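Spelled out from the first residue to the last, the chains are:
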Amino acid sequence: MTPLLEVRHLSKAFGPVQALRDLSMKVHAGEVVALAGDNGAGKTTLIKAISGVYRPTSGEVLLRGEPVQFNSPQEAREKGIETIYQDLALADNLTIGANIFLGREPMRRAMGFLPVLDRRRMAEAAKATMALLDFHVNRLDAPVSNFSGGQRQAVAIGRAVYWNAQILIMDEPTAALGVPEQRKVISLIHQLKAQGRGVIFISHNLQDIFAVSDRIVVLRRGVQAGERRIAETSHDEVVKLMIGG
Amino acid sequence: MTTPEPPLRAPDHVSPPADHADKARTALQRIADLRAWLFLAFLILAFELWSRASFGGTFLFNPFNIQSIAIFAVAPLLLATGQTFVIISGGIDLSMGFIMGLAAVVAAHVINWATPGMGLPLAVLFGALVAIAVAAVPGMVNGLLVSRLKVPPFIGTLGMFGVARGVAFLLAGGTTVPVQNSFFAALGNGRFYGVPWIVIVTAVFVLLMHYLLSQTRFGQHNYAIGANVQAASRAGIDIKSHLLRLYILSGVCAGLAGFLYAARFSAGAAQAGEPLLLDSVAAVVIGGASLFGGSGTILGTVAGAFVIAVIQYGLVFINVAPFWQFISVGIVIIISVLIDQAQRRFSGGRQSE
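If you read the sequences in order, they're chains E and A. Mapped onto my numbering, the consecutive letters of the first sequence carry residue numbers 1 to 245. Mapped onto my numbering, the consecutive letters of the second sequence carry residue numbers 1001 to 1353.
Hints in this document: simulated from the structure, not taken from any laboratory. Quick caveat, the model's predicted, so the values are computed rather than measured. Heads up, a few of these hints could be off.
Said to hold, decoys possible - DSSO-like cross-link-like pairs, simulated, lysine-lysine; straight-line CA separation at most 30 Å:
(1) A:Lys1150 with E:Lys48
(2) A:Lys1240 with E:Lys240
(3) E:Lys26 with E:Lys48
(4) A:Lys1150 with A:Lys1240
(5) E:Lys48 with E:Lys79
(6) E:Lys240 with E:Lys26
(7) E:Lys79 with E:Lys240
(8) A:Lys1150 with E:Lys127
(9) E:Lys127 with E:Lys79
As the list claims (entries may be wrong) - Sample of chain E residues facing chain A (criterion: CB under 8 Å; computed from the structure):
(10) Ala89
(11) Leu90
(12) Ala123
(13) Glu124
(14) Gln207
Even glycine gets a Cβ: it sits at the ideal position worked out from N, Cα and C.
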């Protein structure tokens, strides 16, 4: 089976600093791959190279077997690769629907001629999309600042889902959240997996990684220190790979 | 357009609890949202009672008073309309007052120059177009400073405040520029079924701005940029071009205000908008906008501008020393910010740090 996303021999240097060296990994449909590693191990560089923020120095990225090159995150997004940022890229004063459609708002004609924002369509799409994530809201006219951290994370994921992202890159999605909220995000990732999407999940929290991932790729100082199936490894082994024991 | 796929549930999902935004808004919050209009109603009622008690006449039901207040509110309201957009985006435009003066002087000169060749109405139309186009230039420079050169709006527009002021006084030769065009005077002081023309022009323009802010992508993006510029940028909104258009719009609002000022007095004056800048910011704040950006409405600003106009006119009407105007408007601003902060606490929303 062709992987949804494949990274082959990817390297990225910033001047003399080799941030990433000869890294290869695959993400299949319906699979959650965790990226683990200490600070500075190259996790962020890797996802930025995949999502179009950086151009890799060498190596290639393949989407469903086709080599792709992105000049901007927008281009990656158009191809279905969406990054969910740790600090939540939401406009707090807007509704869920307005956030999902931010920058691509649907319009309708009022009284047959006057173009106006189609708020009803945004609200309906928001409701349907959030229901897909098992997140049921009635107050679709409330600004997202009224929601909790986990719910806001769900809105950010909902936006990616609505625009049909096939690969979601999640950078520390649970870092800023309390424990119950973390569980909610973990359950959201399970939903995405069940829908056949690919997820790249970056976390410092081994418990979260073991709760949700199928495979784990460990990075150390820019190189791959190891790759394990979650079912066949343990916390101890992963920590040893991370710190190089 | 893509449609979401049918729902699939992971076997071990945890259903999130009902969200707390579902709770109905309290009556208190609704009142806080409408505070500018309540202020306005309260002020009108107070002046009405005072007027009846002290000289047995009516305040509100005197058409002359209503017309005067409306004419009085025209220029501050136009400035405040542009300022509303800028403040929602998280910026501020300090140059509006003198852009208005510049436009008034340019309108006066252009109409005087064009009247002999073009005839009365055409010269006025030409003057209006030139004045507004000239006002758009400092707006565009503000926009370029803020968007491309990352100058903080407060500083960039403060610089433009000085530049526009100097240019306006230079063009006016340090004095007021009288206009010789009877059609212009008729437009500035004439009425249509009892409603002054300049009030009609302002009402139509403000309605258009309300539409722009509340019903279009431009307005929606303006709110998003004010709340979280990074989120707006990640969502693919072109921040630079938005800010450029935003400050041009602000200049155009000031330009229209300057043109209508020149029409009302049949003269252009560089200092036309000097006292109005802070009134315009005050109107926006009383109308419910936050200076941190991300909130505010045109309708709120309309109420805010009328609160100020009613205070200023009403105090003169009941024969109170004019200096009380400053004190009353100041108190209203402070109360309205306090209400805004209390409302944020009550609604549990995040405070901007």
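Hint by hint, here is what the structure shows:
Distance restraint check for lysine 1150 (chain A) and lysine 48 (chain E): the Cα-Cα separation of roughly 25 Å lies within the 30 Å cut-off, and the hinted pair is therefore satisfied. At roughly 47 Å between alpha-carbon atoms, lysine 1240 (chain A) and lysine 240 (chain E) are farther apart than 30 Å, so this suggested pair is violated. For a cut-off of 30 Å, the pair hint linking lysine 26 (chain E) to lysine 48 (chain E) stands: about 16 Å separates their Cα positions. The straight-line distance between the Cα atoms of lysine 1150 (chain A) and lysine 1240 (chain A) is roughly 10 Å, inside the 30 Å bound, and the hint therefore holds.
Among the hinted pairs, lysine 48 (chain E) with lysine 79 (chain E) is consistent with the structure: their alpha-carbon atoms are about 15 Å apart, no more than 30 Å. Our distance criterion of 30 Å between C-alpha atoms is met by lysine 240 (chain E) and lysine 26 (chain E), whose separation comes to about 22 Å. A distance of roughly 36 Å separates the Cα atoms of lysine 79 (chain E) and lysine 240 (chain E); the hinted pair therefore is violated under the 30 Å criterion. A C-alpha spacing of about 38 Å is found between lysine 1150 (chain A) and lysine 127 (chain E), which places the hinted pair above 30 Å, so the restraint is violated.
A distance of roughly 25 Å separates the Cα atoms of lysine 127 (chain E) and lysine 79 (chain E); the hinted pair therefore holds under the 30 Å criterion. At about 4 Å, the closest approach between the beta carbon of alanine 89 (chain E) and any beta carbon in chain A falls short of 8 Å, and the interface hint on this residue holds. Given hint, leucine 90 (chain E) at the interface with chain A, holds; its Cβ is 6 Å from that chain's nearest Cβ, closer than 8 Å. Look at alanine 123 (chain E): its Cβ only gets to about 13 Å from chain A, farther than 8 Å, so that hint breaks.
Among the interface hints, the one on glutamate 124 (chain E) is violated; its C-beta lies about 11 Å from the nearest C-beta in chain A, farther than the 8 Å criterion. With a least beta-carbon distance of about 15 Å to chain A, the hint placing glutamine 207 (chain E) at the interface is violated under the 8 Å criterion.
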